[in-house]
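Colleague: Sequences and hints are given; from them, build the entire structure.
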Amino acid sequence: MDLKTIIKNLPNSPGVYIMKDSSMEVLYVGKANDLRKRVSSYFQASRRLPERKKTLILKVKDIAFISTATSAEALIYENGLIKQLSPKYNVALRDDKSYPLLKLTLNETFPRLIMTRDRYDDGAIYYGPYANVKLLKEALKILQKLFPLRTCDKIPKRECLQFHIKQCLGPCIGKIGLGRYDSLAAELKLFLEGRRAELLKLLMNKMKELSKEERFEEALECRDRLEALSAVKEGRVAYKPMDELEELKRILGIKGRLKRIEAFDVSNIMGAEACGSMISFYKGKPDKNEYRRFRIKTVSGMDDYGMMREIVRRRYVRSLEEKKKLPDLIVIDGGKGHLGAALDELKKLSIDSIPTIGIAKEFERIYVKNKKGPILLPKESKALHLLERVRDEAHRFAISYHKKLMSKRIWKKS
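Numbering-wise, the numbering used here comes out as the position in the sequence shown, counting from 1, plus 2.
Simulated from the structure, these hints should not be mistaken for laboratory data. For each residue, glycine too, the CB sits at the ideal point set by N, CA and C. A few of these clues could be false.
Taking lysine to any residue and the SDA-like style, the derived pairs with C-alpha atoms no more than 25 Å apart in a straight line are [as the list claims (entries may be wrong)]: (1) LYS290 x LEU388; (2) LYS85 x ARG114; (3) LYS210 x ALA188; (4) LYS251 x PHE365; (5) LYS90 x SER24; (6) LYS371 x GLY258; (7) LYS350 x PHE365; (8) LYS299 x LYS261; (9) LYS363 x LYS381; (10) LYS10 x MET26; (11) LYS373 x LEU260; (12) LYS136 x ILE167; (13) LYS55 x SER25; (14) LYS55 x ASP4; (15) LYS350 x TYR293; (16) LYS139 x ALA188; (17) LYS406 x ARG316; (18) LYS61 x ALA47; (19) LYS191 x GLY172; (20) LYS177 x ALA230; (21) LYS63 x PRO52; (22) LYS55 x TYR91; (23) LYS285 x LYS299; (24) LYS210 x LEU171; (25) LYS143 x CYS174; (26) LYS208 x LEU180; (27) LYS371 x ASP330; (28) LYS63 x ARG114; (29) LYS338 x LYS406; (30) LYS210 x ASP184; (31) LYS191 x MET206; (32) LYS261 x LYS290; (33) LYS85 x LEU163; (34) LYS203 x LEU145; (35) LYS251 x LYS191.
Derived DEER-like restraints, expressed as beta-carbon distance ranges [what the hints assert, rightly or not]: (36) SER42 x TYR128: 33 to 39 Å; (37) ARG54 x ASP4: 46 to 52 Å; (38) ASN207 x ASN291: 21 to 27 Å; (39) PRO13 x CYS162: 38 to 44 Å; (40) LYS363 x ARG197: 32 to 38 Å.
Modeller: Encoded structure:
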């Protein structure tokens, strides 16, 4: 791709641009409020450039970019990449002591991230210098939300406002142990060093481990950091979001097609007028012609698992008898127990090869057959949004039928 096309495809958003030569060696890293406008300005014939920049432009053969939400984020990414890549033409700020630095106090028991203008040989790690103080302060606020380390000079005896607004994890009152706190500081260190891919992989693995151990609150904190960091887009052209069905296929490891999804839910009050629902989505949209309702016939009392077995069995016995096409994915409203009940019936019918998952309301945990711990997806995941729509529609349909049955019962009594 020629430079003109590359520049044309750059987004009009804040971010970092990376200029490379013909051998793909990084020559220069810069930040911009508007990537396309900033990069194109280098190549305007009418613009007068210093000799050093003219030499740089003649060598540029490729341009990559990282798109960020704000200019403050771009500032942090720019400095991390300069530190990591040491580009030949980034020399302006390297040794200038008049500009502010970020200091990660790894020499302290519970490290902090602070702004300073002095550099000491004290065991802390320093990042910068940064030319734009205002942007650096904004960046520090963003980092405090992402990595809520303490901000106090001395650890107090009681919690402060930062803890109550969820911008500190409260080491002062024992709300977080040293091991978990140090792990958070290590994540911040990776981020400040520009090792984004390594950090994303670390967070993904950590989230999975925490989910397996059922430490869901910590897993959700991990998920939120992963989500925020994943929102930063990287590449040569603007990032194209993955289709929700394609994303779901990838997450669940479904190799075949994924068009038809069927979801089940049960509804009852103390076992009274127990019923169930099956709804169907096709290509991500409700297919109401395929919706089915089930009045529970073989289960008495409050046995949700037994009810789930019954409606799954009835649905697929009939589907097999009528030689109907089976779904590409089955979704069960509930956790491990509900999923296990459904899988028992599918196995009896020899159709347990159909991908089947359970989605539990609390923390939106997704349970998959033959997987020990649940999957926790980022809040902004399109696949999660699709599953929530499917699950909520099954729940709505079951509740509406249950209300109808209950009102009939009350009418008969009166």
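Colleague: All the hints need checking, so say for each whether the structure fits it.
Modeller: Tested hints:
As the CA atoms of LYS290 and LEU388 are separated by approximately 16 Å, the hinted pair is consistent with the 25 Å bound. Between LYS85 and ARG114, the direct Cα distance comes to roughly 20 Å. Compliance with the 25 Å bound is thereby established for this hinted pair. Taking the CA atoms of LYS210 and ALA188, the gap is about 18 Å. The hint holds against a cut of 25 Å. Restraint check for LYS251 and PHE365: satisfied, since their Cα atoms lie roughly 21 Å apart, inside the 25 Å limit.
For the suggested pair LYS90 and SER24, the alpha carbons sit about 15 Å apart, so the restraint of at most 25 Å is met. The suggested pairing of LYS371 with GLY258 holds, with an alpha-carbon distance near 17 Å, which does not exceed 25 Å. About 31 Å separates the Cα atoms of LYS350 and PHE365, which puts this hinted pair outside 25 Å; it is violated. Of the pairs offered as hints, the one joining LYS299 and LYS261 is violated, with about 31 Å between alpha carbons and a cut-off of 25 Å exceeded.
In summary, the hint linking LYS363 to LYS381 is supported, as the alpha carbons are separated by about 13 Å, within the 25 Å threshold. Of the supplied pair hints, the one linking LYS10 and MET26 holds, its CA atoms being roughly 20 Å apart against a limit of 25 Å. Taking the CA atoms of LYS373 and LEU260, the gap is about 20 Å. The hint holds against a cut of 25 Å. Distance restraint check for LYS136 and ILE167: the Cα-Cα separation of roughly 23 Å lies within the 25 Å cut-off, and the hinted pair is therefore satisfied.
Distance restraint check for LYS55 and SER25: the Cα-Cα separation of roughly 19 Å lies within the 25 Å cut-off, and the hinted pair is therefore satisfied. Distance hint between LYS55 and ASP4 is fulfilled; the C-alpha atoms sit about 20 Å from each other, no more than 25 Å. For the proposed pair LYS350 and TYR293, the alpha carbon gap of about 23 Å is at most 25 Å, so the pair holds. Taking the CA atoms of LYS139 and ALA188, the gap is near 21 Å; set against the 25 Å cutoff, the hint holds.
A threshold of 25 Å between alpha carbons decides the hint, and for LYS406 with ARG316 the separation of about 21 Å falls inside it, so the pair holds. Between the alpha carbons of LYS61 and ALA47 the distance comes to roughly 16 Å, so the proposed pair stays at or under 25 Å and holds. For the suggested pair LYS191 and GLY172, the alpha carbons sit about 20 Å apart, so the restraint of at most 25 Å is met. Straight-line distance between C-alpha atoms of LYS177 and ALA230 comes to about 23 Å, which keeps the hinted pair within the 25 Å bound.
For a cut-off of 25 Å, the pair hint linking LYS63 to PRO52 stands: about 19 Å separates their Cα positions. Among the hinted pairs, LYS55 with TYR91 is consistent with the structure: their alpha-carbon atoms are about 8 Å apart, no more than 25 Å. Between LYS285 and LYS299 the alpha-carbon distance is near 32 Å, which puts this suggested pair outside the 25 Å criterion. Between LYS210 and LEU171 the CA atoms are separated by roughly 21 Å; this keeps the pair inside 25 Å, and the hint holds.
Simply put, LYS143 and CYS174 have alpha-carbon atoms about 21 Å apart, close enough for the 25 Å limit, and the pair holds. This hinted pair checks out: LYS208 and LEU180 have alpha carbons roughly 17 Å apart, not beyond 25 Å. The suggested pairing of LYS371 with ASP330 holds, with an alpha-carbon distance near 15 Å, which does not exceed 25 Å. Among the hinted pairs, LYS63 with ARG114 is inconsistent with the structure: their alpha-carbon atoms are about 41 Å apart, more than 25 Å.
This hinted pair does not check out: LYS338 and LYS406 have alpha carbons roughly 29 Å apart, beyond 25 Å. Pair hint LYS210 plus ASP184 holds up; C-alpha atoms about 19 Å apart against a cutoff of 25 Å. For the given pair, LYS191 sits about 17 Å from MET206 by alpha-carbon distance, which is consistent with the 25 Å threshold. For the hint linking LYS261 to LYS290, the alpha-carbon distance of about 15 Å falls within 25 Å, and the restraint holds.
Between LYS85 and LEU163, the direct Cα distance comes to roughly 34 Å. Violation of the 25 Å bound is thereby established for this hinted pair. For the hint linking LYS203 to LEU145, the alpha-carbon distance of about 19 Å falls within 25 Å, and the restraint holds. A hinted pair counts as satisfied when its Cα atoms are at most 25 Å apart, and LYS251 with LYS191 does not qualify at roughly 33 Å. A hinted range of 33 to 39 Å for the beta carbons of SER42 and TYR128 is consistent with their spacing of about 34 Å.
At about 24 Å, the beta-carbon gap between ARG54 and ASP4 misses the expected band of 46 to 52 Å. The beta-carbon spacing between ASN207 and ASN291, approximately 43 Å, falls outside the hinted interval of 21 to 27 Å. Between PRO13 and CYS162 the Cβ separation comes to about 39 Å, which falls inside the hinted range of 38 to 44 Å. The hinted range of 32 to 38 Å is satisfied by LYS363 and ARG197, whose Cβ atoms lie roughly 36 Å apart.
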